[in-house]
Structures are given as C-alpha cells and as structure tokens.
Amino acid sequence: MNEFCFILDATLGKLAQKIRILGFNAMYFNNITYEELEIFISKNSNCIVLTRNRKFYEKLKEKYDILFIKSDLWRAQLRFVVKKLNLKLINLKIFSRCIICNSQLVKVKKENYKDIIPDHVYRTCDEYSYCEKCQKIYWHGTHVEHVLCDLREIFKE
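Going by the working numbering, the first residue of the sequence shown is number 1004, and it counts up by one from there.
Keep in mind that the hints were calculated from the coordinates and are not lab data. Hints are not guaranteed to be accurate.
[As the list claims (entries may be wrong)] The calculated EDC-like cross-link candidates involving lysine to aspartate or glutamate, where the alpha carbons are at most 20 Å apart (straight line), are:
1. 1091 x 1156
2. 1066 x 1038
3. 1017 x 1156
4. 1064 x 1041
[To be verified] Label-pair restraints from in silico Cβ distances:
5. 1130 x 1058: 41 to 49 Å
6. 1150 x 1062: 18 to 26 Å
7. 1039 x 1114: 41 to 49 Å
None of the values given here were measured: they were computed from a predicted structure. Quick reminder that beta carbons are idealized off the backbone N, C-alpha and C, glycines included.
Starting from the given sequences, assemble the full structure and let the hints guide the process.
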C-alpha cells in the first residue's frame, strides 16, 4: 500500500519524519530554494507535494498534485494527510524507513551490531533494523508503543 511518495518543503520537517515512520518515501528539503524545489518536483511529478507556503501552493496547484498544510502542529498535519488520501494504518509498512535519510531499513541480527547497540537495549530488545546509508540502528523498544499509540489516535479520527 505504500505506493505514495511525498515531497515536503522546509516548513514540514517533523511531518516528513512521521510520514517516513509510516513507511512512505518522504523527500524533505530544508536547504534549497523554492525555485530549486520546483525543478525537483517537475522531475518527480508522480509524488504528492506537501507545503505550508501558500504562495508556493498557489503557483503549483494547477500543475502538480499538491496539498496545502494549514496547521503548524505535526499531529494535525498528519491527520490532514491521512484523511485527504484515505490512508489506513493496517495497510502500511510502519518503521521500514530511516527517519533521518529516508532510506529503506534492513532487518538485522543484533549479534552483528553488538558494538553499536547500548548494553541495556541489547539485553532487552530482539528486533533491530539498520540504515545502511547513515549507519543508524533502530530497535523496537518502549518508544515504538508510544508512536503506535499516537498513530492509532491520528488514524481513528
């Protein structure tokens, strides 16, 4: 179900992370001009553009699939995207992308990464994913349940 891809402007960094948690390709740009971003969008026109910049939205709304995000709160932003695209939590590949670089995560055995996993985490967690691009290790600790609780709340409304 994760066929959507998103392009987010500099105003939506937190939302980009949350969309990546859902398993979607979320390309986030915080250090390029809107002119450069428009060129990138033209080369990736299959993606949905998300912006809080009304002027940018008005300029692109006739040419591209673009959503104007009104709220500055990430929960409301995500709720808006979920409703607009009729997303269902059950169909998503949650925790399958790196929230930092957007790369696909790889399931790994903890024994192979013992030197970079904190001792208490190594003893208590069994599921790990690794980002080969930024070399970040992810594990299914207590924070996962907190995130899932947030997501359930967002998707049910």
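Report task. May I ask which of the numbered hints given earlier this structure violates, with the numbers listed in increasing order? Result -> 6
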